[in-house]
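> Here the protein sequences come in this chain order: A and B. First residue of the first sequence: 1, per the UniProt record's numbering; consecutive thereafter. First residue of the second sequence: 1, per the UniProt record's numbering; consecutive thereafter.
Hints are computed from structural coordinates only; laboratory data are not their basis. Don't take each hint at face value.
All copies of an identical chain are treated as equivalent in the list; a pair is satisfied when it fits inside any one copy or across any two copies.
Claimed, not checked - Simulated pairs of lysine-lysine, DSS-like, Cα-Cα distance not exceeding 25 Å:
1) K105 x K70
2) K62 x K140
3) K23 x K55
4) K70 x K140
5) K26 x K115
6) K62 x K23
7) K116 x K23
8) K26 x K140
9) K140 x K23
10) K140 x K105
11) K115 x K62
12) K115 x K23
13) K116 x K62
14) K55 x K116
Just so you know, these numbers come straight off a predicted model, no measurement behind them.
There are 2 protein chains.
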Amino acid sequence: MANERLGTDVIVQIGIIVKDIEKTAKDFAEFFGVDMPQIIVTEEYDKSHTQYKGKPTNARAKLAFFRNFKNVEIELIEPDENPSTWREFLETHGEGIHHIGVFVKNMDEKIENLKKEGIEVVQKGDYTGGRYAYMDSTDKLKFILELLENF
Amino acid sequence: MANERLGTDVIVQIGIIVKDIEKTAKDFAEFFGVDMPQIIVTEEYDKSHTQYKGKPTNARAKLAFFRNFKNVEIELIEPDENPSTWREFLETHGEGIHHIGVFVKNMDEKIENLKKEGIEVVQKGDYTGGRYAYMDSTDKLKFILELLENF
Numbered sequence: 001m002a003n004e005r006l007g008t009d010v011i012v013q014i015g016i017i018v019k020d021i022e023k024t025a026k027d028f029a030e031f032f033g034v035d036m037p038q039i040i041v042t043e044e045y046d047k048s049h050t051q052y053k054g055k056p057t058n059a060r061a062k063l064a065f066f067r068n069f070k071n072v073e074i075e076l077i078e079p080d081e082n083p084s085t086w087r088e089f090l091e092t093h094g095e096g097i098h099h100i101g102v103f104v105k106n107m108d109e110k111i112e113n114l115k116k117e118g119i120e121v122v123q124k125g126d127y128t129g130g131r132y133a134y135m136d137s138t139d140k141l142k143f144i145l146e147l148l149e150n151f
Numbered sequence: 001m002a003n004e005r006l007g008t009d010v011i012v013q014i015g016i017i018v019k020d021i022e023k024t025a026k027d028f029a030e031f032f033g034v035d036m037p038q039i040i041v042t043e044e045y046d047k048s049h050t051q052y053k054g055k056p057t058n059a060r061a062k063l064a065f066f067r068n069f070k071n072v073e074i075e076l077i078e079p080d081e082n083p084s085t086w087r088e089f090l091e092t093h094g095e096g097i098h099h100i101g102v103f104v105k106n107m108d109e110k111i112e113n114l115k116k117e118g119i120e121v122v123q124k125g126d127y128t129g130g131r132y133a134y135m136d137s138t139d140k141l142k143f144i145l146e147l148l149e150n151f
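Taking the hints into account, I'd like the entire structure generated from these sequences.
Shown next, in the form of structure tokens:
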């Protein structure tokens, strides 16, 4: 039973905003008994085309992925100082769980489906091999829904 | 590959603190195209034996469970005014994702494993057919880890 508006019924990712990704990734690796993952940095604007609240932003983030749970991946995110949903979350709520991510097909169509429910894109961008859109679902769902589409 | 300290590598639940569960459960049901779930209230102290920060508390919460994602259940939680991790989260962070839950066996043993890592129980209690313990994992993991054990 897929969730019709999203076309999926699987949560693939839980995203956590952190202040110090080196420290928290080390704590995670130690706690879960797994290797320290590589910490990557999102691309610069010319490749990421990041838009936050409808405007281009130079925001970047450090990311680390943990796959020690077999059914859901955990993503750690350390935002930089530029405007982004990541930075806004850190300043408003502090560290904690920022989003739930799902894979979709035909992202533009799914975004249109959500717009009809009054849920707009808050941030979107590209990464190597795919793209993402954070949806402004907080009023309704109390979490940010991330749409991910790999090509 | 089980996470050794927990004896599991599956996330079973994402718990979300809300202010008005009737409204948010209705929004969820509508958004995901599923039936409105029953809203239940946790047991009184004589059955729940709820302990928060090592002391008995009369705290109760309204709960609603969504199983529209097939790999992880979403729990909505509306705390009452009594001291609890739910209430504390709402007052500190506002509405949002409060915990990640896993099923464990031999909960006491798992709690001991976590204590050795400096992670103590912040709240625990009983429900019909099982028990739970919220672990004070926020410093290390940036989320509250909930241990669930059904009998």
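> Please go over all the hints and tell whether each is borne out by the structure.
Hints, verified against the model:
In this homomeric assembly, K105 and K70 come within 25 Å of each other (Cα to Cα) both inside a single copy, at 22 Å, and across copies, at 18 Å. When the C-alpha separation of K62 and K140 is checked against a cutoff of 25 Å, the pair qualifies only between copies, where the shortest distance is 18 Å, while the shortest distance within a copy is 28 Å. For the homomeric pair K23 and K55, neither the shortest alpha-carbon distance inside one copy (32 Å) nor that between copies (32 Å) is at most 25 Å. For a Cα distance limit of 25 Å, the shortest separation of K70 from K140 across copies, 21 Å, qualifies, whereas the shortest one inside one copy, 29 Å, does not.
Taking the shortest Cα distances, K26 and K115 sit within 25 Å of each other only across copies (19 Å), while inside one copy they are farther apart (39 Å). For a Cα distance limit of 25 Å, the shortest separation of K62 from K23 inside one copy, 12 Å, qualifies, whereas the shortest one across copies, 36 Å, does not. Taking the closest pair of Cα atoms, K116 and K23 come within 25 Å of each other only across two copies (19 Å); inside a single copy the shortest separation is 41 Å, beyond that limit. Proximity of K26 and K140 under a CA criterion of 25 Å is satisfied inter-copy only: 10 Å between copies versus 34 Å inside one chain copy.
When the C-alpha separation of K140 and K23 is checked against a cutoff of 25 Å, the pair qualifies only between copies, where the shortest distance is 9 Å, while the shortest distance within a copy is 33 Å. Taking CA atoms no more than 25 Å apart as the test, K140 paired with K105 passes inside one copy only; the shortest distance there is 23 Å, against 35 Å between copies. Taking the shortest alpha-carbon separations for K115 and K62, neither the intra-copy value of 29 Å nor the inter-copy value of 30 Å comes in at or below 25 Å. For a Cα distance limit of 25 Å, the shortest separation of K115 from K23 across copies, 20 Å, qualifies, whereas the shortest one inside one copy, 38 Å, does not.
For the homomeric pair K116 and K62, neither the shortest alpha-carbon distance inside one copy (33 Å) nor that between copies (30 Å) is at most 25 Å. Proximity of K55 to K116 under the C-alpha cut-off of 25 Å is restricted to the intra-copy arrangement: shortest distance 21 Å within a copy versus 47 Å between copies.
Checked against the numbered hints given earlier, this structure breaks hints 3, 11 and 13; the rest are met.
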